[in-house]
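Trainee: First residue of the sequence shown: 18, per my numbering; consecutive thereafter.
Derived from the structure by calculation, the hints contain no laboratory data. This structure is a prediction, so every number in the text was calculated from the model and none was measured. Idealized CB from N, CA, C, for every residue including glycine. One or more of the hints may lead you astray.
To be verified - Label pairs and their calculated CB-CB ranges:
no., residue 1, residue 2, range
1, 101, 60, 33 to 41 Å
2, 115, 137, 31 to 39 Å
3, 68, 146, 35 to 43 Å
4, 89, 135, 17 to 25 Å
5, 147, 116, 28 to 36 Å
6, 166, 43, 17 to 25 Å
7, 145, 115, 19 to 27 Å
8, 98, 146, 20 to 28 Å
9, 57, 116, 28 to 36 Å
10, 145, 113, 32 to 40 Å
Claimed, not checked - In silico PhoX-like pairs for lysine-lysine, Cα to Cα no more than 25 Å straight-line:
no., residue 1, residue 2
11, 119, 163
12, 105, 119
13, 163, 105
14, 105, 140
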Amino acid sequence: MRRFIFYFLLFFLLTCGIENPEAAIEFGAPLGLVSYRSNDSIYLTFYGFNNETYFEGYNVYISVNNADLINFSILGERILSNQNAVNKPTIEVNPFSDGPRKFVFEITSNYYVTTNNSEAISKYLMCGTTYFFTVRATGNGIVSRKFSNVESNTY
């Protein structure tokens, strides 16, 4: 009888509906963001290392106000890879575990942004304007709170 009770309790504890605990969803922050201007475009380079199974890529944010990019509730405007990529990361990447990778992203003089993931808005880089940029990892509908350094460039 004791054996039956032991196995019953063991079975109950293992199958009582409590799922395996998972680590909180958080991504590694992109590192070493650098911006430079060349041929009427602004280029961003950074290193990323994200092997989380739910990782989908990186979002690049732009603003004319540095504070917008540091405040997670504002985030600035998210740059799109093209006009039809509203619901996709700026840079789509599969999870990788082969070490840090270098990424290069070009922002042309005419680019698209979204602030609410519902529509693409066409924007133009304006001469003499200082722009601020940051990059955040994203996946599974979640944008990381950790972000790269904020980098600026005057167009």
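Trainee: It remains to establish, for every hint, whether it holds in the given structure.
Mentor: Verification of the hints:
no., hint, verdict
1, 101 x 60: 33 to 41 Å, "violated, 23 Å"
2, 115 x 137: 31 to 39 Å, "holds, 33 Å"
3, 68 x 146: 35 to 43 Å, "holds, 37 Å"
4, 89 x 135: 17 to 25 Å, "holds, 20 Å"
5, 147 x 116: 28 to 36 Å, "holds, 34 Å"
6, 166 x 43: 17 to 25 Å, "holds, 18 Å"
7, 145 x 115: 19 to 27 Å, "violated, 42 Å"
8, 98 x 146: 20 to 28 Å, "holds, 22 Å"
9, 57 x 116: 28 to 36 Å, "holds, 33 Å"
10, 145 x 113: 32 to 40 Å, "holds, 39 Å"
11, 119 x 163, "holds, 18 Å"
12, 105 x 119, "holds, 20 Å"
13, 163 x 105, "holds, 19 Å"
14, 105 x 140, "holds, 18 Å"
Of the numbered hints given earlier, the model fails hints 1 and 7; all others are met.
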